[in-house]
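Going down the list, the protein sequences come from chains A and B.
When we follow my numbering, the leftmost residue of the first sequence carries the number 3, and every step to the right adds one.
When we follow my numbering, the leftmost residue of the second sequence carries the number 39, and every step to the right adds one.
If you're looking for bench data, these hints aren't it; they were derived computationally from the structure.
This one's a predicted model, so the numbers in the text were calculated from it and none came from an experiment.
Zero decoy hints are in this set.
In silico SDA-like pairs for lysine to any residue, Cα to Cα no more than 20 Å straight-line: (1) A:LYS8 with B:GLY134; (2) A:LYS8 with B:ARG178; (3) A:LYS8 with B:PRO122; (4) A:LYS8 with B:PRO118; (5) A:LYS8 with A:ALA20.
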Amino acid sequence: MTRLAKLADIVQWVVGVATLTAVLMLFTLDGSPQEVEPFTSDFDQLLDDGRDIYAERCATCHGDTGQGGQGPRLAGTVVVNYPDVADEIALVTDGRGAMPPFALTLSDDEIVAVVAFTRFAPS
Amino acid sequence: MSGRSTAFVAPIGAGALTALALGVYSSSHDPTGRDFVLAGFESTASWKSALASIALALFVTQLSLGLRITGRIGPRRPAPAWAPDLHRLVSTLAFGLSLPVVFHCLWALGYEGGADRVGFHSLLGCVAYGAYVANALSERVGGRPPGAVPLGGAFVAIAMLATWWTSALVHYAGTAA
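For reference, chain A alone in the conformation it holds in the complex:
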């Protein structure tokens, strides 16, 4: 048996064990969904506020409909790229790269509103 064959055998064993572990984890790892309760009675108002903030602060870079421009596309990508809403809030608050931090120019409620708008507003 060549070295390559031995290596292939070892890798197969490792991947096999990893596969079985992954299958077990699918059924045993804490799978309770994160508590996200965006649909409050004031949710429409939140989206309206977010829409206004987006138009004023974000549309210049990300496009009027989130189609992208100087900044990356947001429409249809935000939830995929940031499944955890806290990550998106942190990004808007602290900024990253060319994205400015909004901690000093927007209140916490305004950041939540604009984040909600990017995630839940009808495209």
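With chain A held as given, fit chain B onto it using these hints.
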């Protein structure tokens, strides 16, 4: 059932069951929406896209090696003796690298039906891994028709490409815009 029928039915049946199991699990399991970011990456989507891209390159390499081994591409002389082992190694590495990606898709995001990108991605992911299982098993079953394994390998590579196209490529296109 004849040996030739078994050679066809058993791997394809196992592949179909795998695809079905993935679909059923991801549909019935409540997606956790949990994120885990690997060191050196900005987001879940970025490491998933990177691993998926490397895995896709390996799947294509695996297909090329398979076609070379069976004499369908390359020079007329037989493939080097080490080619089958490298083929097996590359295939296993590709599958192994894709495992964390699939795990996160199944556990955190779940299956989404529909005729949009996410719906197609969900379906293609299940089909791709079912095809992988069917093809891997068919290599171990005797009496298979000639050309079945290369054809299956091509199907796996195309299904993986389509799965990558509807996820990682969209991510890169989105972040590059």
